[in-house]
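Participant: Residue strings, one per chain:
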Amino acid sequence: DQQVKQNSPSLSVQEGRISILNCDYTNSMFDYFLWYKKYPAEGPTFLISISSIKDKNEDGRFTVFLNKSAKHLSLHIVPSQPGDSAVYFCASPFGNEKLTFGTGTRLTIIP
Amino acid sequence: NAGVTQTPKFQVLKTGQSMTLQCAQDMNHEYMSWYRQDPGMGLRLIHYSVGAGITDQGEVPNGYNVSRSTTEDFPLRLLSAAPSQTSVYFCASSYLTGATGELFFGEGSRLTVL
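In order, the protein sequence lines correspond to chains A and B. The opening position of the first sequence corresponds to residue 1 in my numbering, with each subsequent residue numbered one higher. The opening position of the second sequence corresponds to residue 112 in my numbering, with each subsequent residue numbered one higher.
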């Protein structure tokens with residue numbers, strides 16, 4: 001049973017516009033969330049994280065928003081660049097020692 | 112500056128064969144883990160280890176075996192390969208105990224079981 005869900009398998013965005021990637025979770029005990037980015041033929045790399053004590057965390061062009069009441073988080077990329085084309089995974093710790101991932105969203109930035 | 116190194120990068124097996132995917136990290140991380148990535152399924156945790164001599168099961172451990180005799184190495188063994196184990200396998204390590212620390216991933220090992 002997927003505890004972290006990404007319901008959009010793919011997303012296309014014009015270069016320079018905002019990309020918004022969404023993630024929902026079912027376990028209200030989750031209190032820390034991470035986003036990973038994956039290029040083809042490479043391993044995922046950590047992008048940004050947020051703790052449940054915050055509702056927003058920003059790092060350059062990347063901002064993650066957390067809505068605890070809706071059990072929803074989103075990753076905003078602005079402005080979107082061609083190098084942002086990748087698969088993005090959201091993830092959350094399940095217990096202290098396991099990280100559970102969503103199914104991923106493939107983002108394509110159109111020049 | 113190697114990070115997490117996985118070998119082999121590609122492997123083709125016949126059903127019933129066994130093999131070992133190697134994983135080594137040079138960052139002195141205590142936590143190591145194995146994931147598999149399948150289309151539409153995301154990344155699923157197979158096994159993990161919080162230190163030498165300690166391993167535990169993840170979400171999809173059946174058909175796989177692990178051991179952790181050193182901090183650096185965490186091999187994944189397929190005991191009797193099945194077509195359902197065709198996947199891309201990723202090894203990852205972290206300086207914290209797994210879940211809240213940033214995971215550093217290897218480049219992946221693509222396995223095909225015929």
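Hints were generated in silico from the structure; no laboratory data involved. Be a bit skeptical, because a hint or two may be false.
As the list claims (entries may be wrong) - Short derived list, chain A residues pointing at chain B, Cβ under 7 Å:
no.	residue
1	Pro-40
2	Lys-54
3	Glu-58
4	Gly-60
5	Phe-62
6	Pro-79
7	Pro-82
Stated by the list, open to error - Below 25 Å or equal to it, Euclidean Cα-Cα: the simulated SDA-like pairs (lysine to any residue) are:
no.	chain 1	residue 1	chain 2	residue 2
8	A	Lys-98	A	Ile-110
9	A	Lys-5	B	Pro-172
10	A	Lys-71	B	Pro-172
11	A	Lys-71	A	Glu-42
12	A	Lys-98	B	Arg-188
No residue lacks a Cβ here, since even glycine has one placed at the ideal position from N, Cα and C.
Participant: Look at each hint and say if it fits the structure.
Facilitator: To see whether the hints hold, each was checked on the structure:
Taking 7 Å as the C-beta cut-off, the interface hint given for Pro-40(A) is violated, the closest approach to chain B being about 10 Å. Given the 7 Å rule on beta carbons, the hint for Lys-54(A) is violated: about 14 Å separates it from the nearest Cβ of chain B. At a threshold of 7 Å, the smallest CB-CB gap from Glu-58(A) to chain B is about 17 Å, leaving the interface hint violated. For the restraint placing Gly-60(A) at the interface with chain B, the shortest Cβ-Cβ distance is roughly 17 Å, beyond the 7 Å limit, so the hint is violated.
The interface hint given for Phe-62(A) is violated, since its Cβ lies 15 Å from the closest Cβ of chain B, which is over the 7 Å cut-off. Annotation: interface hint on Pro-79(A) violated; nearest CB of chain B at approximately 25 Å, more than 7 Å. Violation of the interface hint for Pro-82(A) is found here, the shortest Cβ-Cβ separation to chain B being roughly 22 Å, above the 7 Å cut-off. Taking the CA atoms of Lys-98(A) and Ile-110(A), the gap is near 35 Å; set against the 25 Å cutoff, the hint is violated.
As the CA atoms of Lys-5(A) and Pro-172(B) are separated by approximately 21 Å, the hinted pair is consistent with the 25 Å bound. As the CA atoms of Lys-71(A) and Pro-172(B) are separated by approximately 28 Å, the hinted pair breaks the 25 Å bound. Proximity of Lys-71(A) to Glu-42(A) is assessed by CA-CA distance (about 30 Å); at most 25 Å being required, the pair is judged violated. Annotation: proposed proximity of Lys-98(A) to Arg-188(B) holds, straight-line Cα distance about 20 Å (limit 25 Å).
In this structure, the hints that do not hold are numbers 1, 2, 3, 4, 5, 6, 7, 8, 10 and 11, in rising order.
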